[in-house]
Structures are given as C-alpha cells and as structure tokens.
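*Asks:* Those letters in the sequence shown? Residues 20 to 392, per the numbering used here, in order.
What the hints contain is simulated information worked out from the structure, not anything from laboratory work. Watch out, some of these pointers could steer you wrong.
Said to hold, decoys possible - List time: in silico DSS-like cross-link candidates among lysine-lysine, alpha-carbon distance up to 25 Å: (1) K355 - K274; (2) K318 - K274; (3) K82 - K116; (4) K274 - K327; (5) K274 - K232; (6) K283 - K355; (7) K283 - K318; (8) K95 - K116; (9) K327 - K283; (10) K274 - K184; (11) K184 - K116; (12) K232 - K184; (13) K95 - K82.
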Amino acid sequence: MNMPTAVAIHNLIGINQHTPIIPGVFRSRPNRFLVRCAIYGREIDAFMPNPGRMGEILLPGAKLILMDHGRSIRRKTRYTVMAAHVRGQVVFLHTHKSNLVARWLVDTGRIPALADYRVVRAEVPHGRSRFDFLLDGPEGPLLLEVKSCTLVANGLAMFPDAVTKRGRRHMIELAAINAQGHRAAILFLIHNASAGYFLPDYHTDINFAETFKNIETILPVYAVAIDWRLDLTIGEHVETVTIPWDVIRREVVDKGNVIILGEKTGSFTVSLTDYSGALSDCLRRIETAARKAGSYSVKMIFPVRSSKDQTATMLHALEALYGQLHYGSIHEGCLKTYIFNTRDDPARQRAYQDLILDFRMSPSLLDSCTTDR
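Kindly produce the complete structure, drawing on both the sequences and the hints.
*Replies:* Shown next, in the form of structure tokens:
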C-alpha cells in the first residue's frame, strides 16, 4: 500500500504515535461492550465497539489488535478492540469506524459499482429511519445504507450474525424508495479478504433472508471485501463480491437441522435434531421438554437450514468431535434427535465453533455458488 493511502486509513480510524496499536489475547466478554484480554502478560479490560455476537471470533486465545489510548486519556478503558485474527485473515471489528472507511472508499472511487459517486451528506433522515449516506453521481442522488460484515468462512460471507429487525426494516424502506421512483441501494462492507460470495444469513435470521431474497429486482445490493493488514492499513484494491441469487432463492428455506447446546449438573449436551416446516414450532417443543426435564436447560440454539438433508454428514462430524452417541430424545415432538455429552462448554471451544461455520457455510454451498454462476 502506498504511504498516502496508509496514512489516510490510520487518520480515519484514529491511529497515530499517541494511540498506537498493540497485540492482545482474548480471555472473556463480560458484556457486549467489554472484553477481558491479556497484553504483555497482564489481564486488562478493553472497549468492544461492536455489539455483534461474534461467537466464532471471540474465543479464548483469539489474537486481537488493540488501540492504546494512553494513561492520561479520560476513558473508562484505556484500550479499544480494533480487529481480530480469524482463519488467517485480519478482520476489522470497529463498527463505529466502519462507516468512515466506507465513506472514504466511496469518495476515492474504490468501490467499483459506485466509482462515479461521491458522498454529499451523512446520517440522512427518511421516514422512520436514518440512512448512512446521500451520494451524488451521473444518474443523480442515491441514498445508501452500509452494513458491516465480519462473518466469513470457506470463501462465503454472511450477514447478519444475530437477528436484526432494524436491518430488515432498512431493506424494506429502501426498496420502497426505489419503487416510488427515487434511487436507493445497500452496500455490505465485508471486512475479510477471503470472501468471494455473499449471502444473507438464513440460518440466523430467516425473516431478514426472505426479505433479502424478495428485493432482488427492486433494490440494488452491492458487496465488497476489504483486505485488512496487520498494521490496520488496507490493500489497494477493494474486491467486488458475487451475490449468488440462484443459490439464495433455493437455500432460503425454513427446514434443515438445529443444534441445541444444553447444560445439566456440571456437564453439557450437544443435540442434533432435524425438522421441516417452521423452526419456531420445533423450538417451542424443545423449550417445553427442557422445562419438564428439570435439571436440563437449553443454553444455545444453532439452526442449520438447507434445501438438502445434511443430517448424515453433520452426525458424522459430531461423532468425530464428541465420540459416543446417546440415543433418546428430550426434545419431544421434533423428528429424530441425536445427543452427545461433553464436560466442557462447546460454545467456548474453537473446534465446535469451526464445526458450526463448516455446517452453515459448507464447501458444498461454496461449490453451488461457483457452479450456479
């Protein structure tokens, strides 16, 4: 990267000689905006400027990149989490700075689909919402909403990583603006250079994904991937990421499997249940059965939706990780359930989180994106 660009990015995100970046190691997350991590052998608290779940990123031992604000600054925490190392990539996590980066990319012509546009205004009110930017270009004004994406695995990027009613409402309102004869678009800024394809995360938020599928011909959707470096500069080129609409139309379905993490008297269970119809009906039965079980409680639920039956493949992978399979379901009313026991909390284990990523963003899904182009 040339020096003027590197300096521009550092100026945008606030890095200078007085606020350097340092390495850290993630330990725990007491709340959405605070992480506990180790730097230079001592444990400290740092501000987490990203309320997202990020369960696949924030695991014990994960390497972080922190900004050091110094001792004299008036802050509750001296350090801010800026980025993390994920599967060989640097992933930028600071959502408050993401829009500044997006604006700079637009104004310097680095986003191919918006190369002839420039930002006129930020934080633009319209109806019930406030959108990120008003752009101006050859075809006139364009209202642009930017979404920051950090969920990437196996060449696939997905958004959101948690249910977002606000994000769905934004899409509906932007589509309505276009239908009324004005111009609007949405940009997904993917902070991981390994992404080649972008899909809505139908595993996590089926309603968001259904809306995304339905606006294909109504609302322009752009996705680009940023190559973040260890020094928190970015690569010269911002890559356009393909949106495989044929795959999205086929895969956004409410059927597949659900993995349930349960806890009982000092140990944990990992259950695999398949379902068809509405997941909400299955989950209600799971919660009812868990209450009847007494000592058992549902800790976390991970849907894995798919147009194809993947039970056998998933079961084989879970057996390889957890060994002995225990038949017999506490999840009454659903279909077949397979139960594994483990002493450690799977949600805090990298092997488990990697498995969930590989289930949801599988190489076979990547193959579908490639062959359906």
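*Asks:* Against the structure shown, which of the earlier numbered hints fail to hold, in ascending order?
*Replies:* 9
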